[in-house]
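Protein chains in written order, with numbering that gives the first Met the number 0: chain A, 0 to 198; chain B, 0 to 180.
What the hints contain is simulated information worked out from the structure, not anything from laboratory work. For every residue, glycine included, the Cβ atom is placed at its ideal position computed from N, Cα and C. Among the clues, some could well be false.
Said to hold, decoys possible - Listed next, the in silico DSSO-like pairs over lysine-lysine satisfying Cα-Cα at most 30 angstroms (straight line):
{"no.": "1", "chain 1": "B", "residue 1": "12", "chain 2": "A", "residue 2": "131"}
{"no.": "2", "chain 1": "A", "residue 1": "36", "chain 2": "B", "residue 2": "135"}
{"no.": "3", "chain 1": "B", "residue 1": "79", "chain 2": "A", "residue 2": "36"}
{"no.": "4", "chain 1": "B", "residue 1": "160", "chain 2": "A", "residue 2": "127"}
{"no.": "5", "chain 1": "A", "residue 1": "83", "chain 2": "B", "residue 2": "79"}
{"no.": "6", "chain 1": "B", "residue 1": "79", "chain 2": "A", "residue 2": "136"}
{"no.": "7", "chain 1": "B", "residue 1": "14", "chain 2": "A", "residue 2": "131"}
{"no.": "8", "chain 1": "B", "residue 1": "135", "chain 2": "A", "residue 2": "79"}
{"no.": "9", "chain 1": "B", "residue 1": "14", "chain 2": "A", "residue 2": "127"}
{"no.": "10", "chain 1": "B", "residue 1": "79", "chain 2": "A", "residue 2": "128"}
{"no.": "11", "chain 1": "B", "residue 1": "135", "chain 2": "A", "residue 2": "80"}
{"no.": "12", "chain 1": "B", "residue 1": "14", "chain 2": "A", "residue 2": "99"}
{"no.": "13", "chain 1": "B", "residue 1": "3", "chain 2": "A", "residue 2": "128"}
{"no.": "14", "chain 1": "A", "residue 1": "35", "chain 2": "B", "residue 2": "12"}
{"no.": "15", "chain 1": "B", "residue 1": "43", "chain 2": "A", "residue 2": "131"}
{"no.": "16", "chain 1": "A", "residue 1": "80", "chain 2": "B", "residue 2": "160"}
Unchecked claim - Far from chain A, some chain B residues (derived; all Cβ distances over 10 angstroms):
{"no.": "17", "residue": "10"}
{"no.": "18", "residue": "20"}
{"no.": "19", "residue": "28"}
{"no.": "20", "residue": "46"}
{"no.": "21", "residue": "119"}
{"no.": "22", "residue": "129"}
{"no.": "23", "residue": "150"}
{"no.": "24", "residue": "157"}
{"no.": "25", "residue": "160"}
What the hints assert, rightly or not - Some chain A residues well away from chain B (every beta-carbon gap over 10 angstroms; in silico):
{"no.": "26", "residue": "12"}
{"no.": "27", "residue": "13"}
{"no.": "28", "residue": "45"}
{"no.": "29", "residue": "73"}
{"no.": "30", "residue": "81"}
{"no.": "31", "residue": "125"}
{"no.": "32", "residue": "164"}
{"no.": "33", "residue": "177"}
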Amino acid sequence: MAEVADGPLEPQARHVVYCGVCTLPPEYCEFGGTAKKCEEWLEAKQPDLWNRLYSEDAVTANLSTLSLSAQERAAKDAAKKEAKAAQTEARDAERKAASKIQIKRVERNKRKHVTVIIGLEVFGLENKKLAKDLGKKFATGSSMTRSAAGAEEITVQGDVSEDVRDWLLEVHGDKVPRGNIELIEDKKKKKADAAAGIV
Amino acid sequence: MFKKEIPTSNRSKVKSSVQRGLRQRLLEAYPGFEPYIEEIMPKKGSLEAVKLPDRVTLYTIDSIPLFFQPIDGPPIPHLKLIHQFPSALPTIQIDRGAIRFVLSGAALMAPGLTSPGGRLPEKENALEAGSIVAIKAEGKEEVCLVGTLKVGTEEMKSKGKGVVMDEGHYLGDGLWNMQLD
Chain A
0 MAEVADGPLE PQARHVVYCG VCTLPPEYCE FGGTAKKCEE WLEAKQPDLW NRLYSEDAVT
60 ANLSTLSLSA QERAAKDAAK KEAKAAQTEA RDAERKAASK IQIKRVERNK RKHVTVIIGL
120 EVFGLENKKL AKDLGKKFAT GSSMTRSAAG AEEITVQGDV SEDVRDWLLE VHGDKVPRGN
180 IELIEDKKKK KADAAAGIV
Chain B
0 MFKKEIPTSN RSKVKSSVQR GLRQRLLEAY PGFEPYIEEI MPKKGSLEAV KLPDRVTLYT
60 IDSIPLFFQP IDGPPIPHLK LIHQFPSALP TIQIDRGAIR FVLSGAALMA PGLTSPGGRL
120 PEKENALEAG SIVAIKAEGK EEVCLVGTLK VGTEEMKSKG KGVVMDEGHY LGDGLWNMQL
180 D
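All chains should be built: construct the whole structure from the sequences, respecting the hints.
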């Protein structure tokens, strides 16, 4: 490129726009499986680029370089990919709607509790980071642990279940719907005691 | 190489002496980066190493991926770096029909390069097997694949078939989609 001729200390990095939907450079969106959405995004965010890529000339120029049968195959493939992407998205949304975030208060001692939070990863939150944030926020110990079944959960020391709920809604309200959070008071110990009493 | 999604793994700071060595290696392998090296890898910047599967190490500065290095090979620039400095690597071109295969992670085959839509360097600038090349696509500006050639360009022209590159870093693969922050 001609840029090489410039002084070596000048900043020369090209700035490349990446699609906000599929993260590819926009010219490759058509291969990403979410072509429709990508196009809409580009039209809204980068009208210049959109004009260049999706104007009629550009589209016909693209098509003319391939033989007809190859075109058909490519179109079929793209359609398949798109359908698959749509399907996974629908499944994801369904899973999100169905799953619950459980905030449990677990008795640790007679008057000491820990708060266990389960099910955040479904909503695209990262347990490890969140655990650290929670620890900072409440000034207590907080860590990501694994339950016996191997599922990830966050354990926060102290009874902060109400505060955790409020904090989640405040900070990650865009990802976590209010209705999907439930507070549980774990009375495992008592139940266990009762069971022991019966036996 | 990175077909699967890459789980977030631990990262570590790189010693400054190692960092100097890496910088030297990078410049040796890619003289094209010479004018930009201060911008890519400032002397003062703290380089971080992220471990990837298959004994590959990814180097980043401020959560921006720079290049990755298999344990037994030279460093290979990340596609985002190549997009910023496209002139630093030798580039060859594939035809339009091959794009969708490349972007779904298939091995790159010679016909995609030797057909009318593809472009290979002239004989004087022929690339040897084992050299690292960036691959762009017909009608596109950006590079879509980077990796090590398995076959020299002259051989490709004479043979016209077979695998040319089987382990590359392509747009939309696990490394591309990796969340670094």
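Could you grab the alpha-carbon distance between residue 135(B) and residue 79(A) and see if it respects the 30 angstroms cut-off? Judged against 30 angstroms, a Cα distance of about 24 angstroms means the pair holds.
With the threshold set at 30 angstroms, check whether the alpha-carbon distance from residue 36(A) to residue 135(B) stays at or below it. 24 angstroms, holds
So is residue 125(A) really clear of chain B, every C-beta pair being over 10 angstroms apart? 8 angstroms, violated
With d taken as the least Cβ-Cβ distance between residue 81(A) and chain B, does d exceed 10 angstroms? It holds; residue 81(A) is separated from chain B by about 12 angstroms at its closest Cβ, greater than 10 angstroms.
30 angstroms limit on alpha-carbon distance, applied to hinted pair residue 12(B) and residue 131(A): 20 angstroms, holds
Any Cβ of chain B at or closer than 10 angstroms to residue 13(A), or is the non-interface label fine? 5 angstroms, violated
Is the nearest Cβ of chain B still more than 10 angstroms from the Cβ of residue 164(A)? About 26 angstroms separates residue 164(A) from the closest Cβ of chain B, which puts it past 10 angstroms; holds.
Minimum Cβ separation between residue 129(B) and chain A greater than 10 angstroms? 25 angstroms, holds
Does the alpha-carbon distance linking residue 14(B) and residue 131(A) stay inside the 30 angstroms limit? Holds, at roughly 27 angstroms.
Quick check for students: does the CB of residue 157(B) sit more than 10 angstroms from each CB in chain A? Holds: least Cβ distance 25 angstroms, greater than 10 angstroms.
Over 10 angstroms from every CB of chain A: does residue 150(B) meet that, or does the non-interface label fail? About 24 angstroms separates residue 150(B) from the closest Cβ of chain A, which puts it past 10 angstroms; holds.
Straight-line Cα separation of residue 80(A) and residue 160(B) no greater than 30 angstroms? Holds. Residue 80(A) to residue 160(B) sits at ~27 angstroms (cutoff 30 angstroms).
The structure does not agree with the numbered hints 4, 6, 12, 14, 26, 27, 29 and 31 stated previously, though it agrees with the rest.
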